[in-house]
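Chemist: Residue numbering for the sequence shown follows my numbering, starting at 5 and increasing by one per position.
These are calculated hints, taken from the structure and not from any lab test. Even for Gly, the Cβ is constructed at its ideal location relative to N, Cα and C. Just to be clear, a hint being listed does not mean it is correct.
[Stated by the list, open to error] Distance ranges between label pairs, derived from CB positions:
no., residue 1, residue 2, range
1, ASP97, ALA20, 14 to 22 angstroms
2, VAL10, ALA99, 33 to 41 angstroms
3, GLY32, HIS7, 29 to 37 angstroms
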Amino acid sequence: DLHPRVRASRTMATFAGALQNAKQGNHGDAVAAMTSAATQGLVLAQYQLATWHHQGSMGLDEDLAEAKRWYSEAADRGHGVAAYNLSCLAETDKARSRWLSTAADMRVSE
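Build the full structure now, drawing on both the sequences and the hints.
Modeler: As structure tokens, then:
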């Protein structure tokens with residue numbers, strides 16, 4: 005098993021590679037690397053992957069269920085904008101209120 009710092013370093017390298025692939029137009033490689041980093045728990049990767057699913061970018065179809073899944077992962081780990089985006093996608097007033105409150109607690113404003 006890898007030392008946590010080594011694992012974190014590798015995850016950040018995967019994330020950086022995903023961004024580089026995205027910039028170069030290598031969408032499939034970008035999505036694969038971003039998914040790997042997100043699955044390993046990197047909040048920035050979770051948020052970015054959610055955004056790609058939400059917008060239907062990087063060769064992905066718009067998939068609000070996947071967007072919500074990854075926004076939720078990021079929000080649960082402290083990403084305020086992800087919480088706000090979840091409030092915008094919420095289907096019930098209760099869920100909308102929950103995520104808006106979470107975003108406000110994280111000092112995110114509309």
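Chemist: Hint by hint, say whether it matches the structure.
Modeler: Quick rundown of the hints versus the structure:
For the pair ASP97 and ALA20, the beta carbons lie near 40 angstroms from each other, so the given range of 14 to 22 angstroms is not met. Between VAL10 and ALA99 the Cβ separation comes to about 38 angstroms, which falls inside the hinted range of 33 to 41 angstroms. Checked against the hint of 29 to 37 angstroms, the C-beta distance between GLY32 and HIS7 comes to roughly 31 angstroms, which is consistent with it.
Hint 1 from the earlier list is the only one contradicted by this structure; the remaining hints agree with it.
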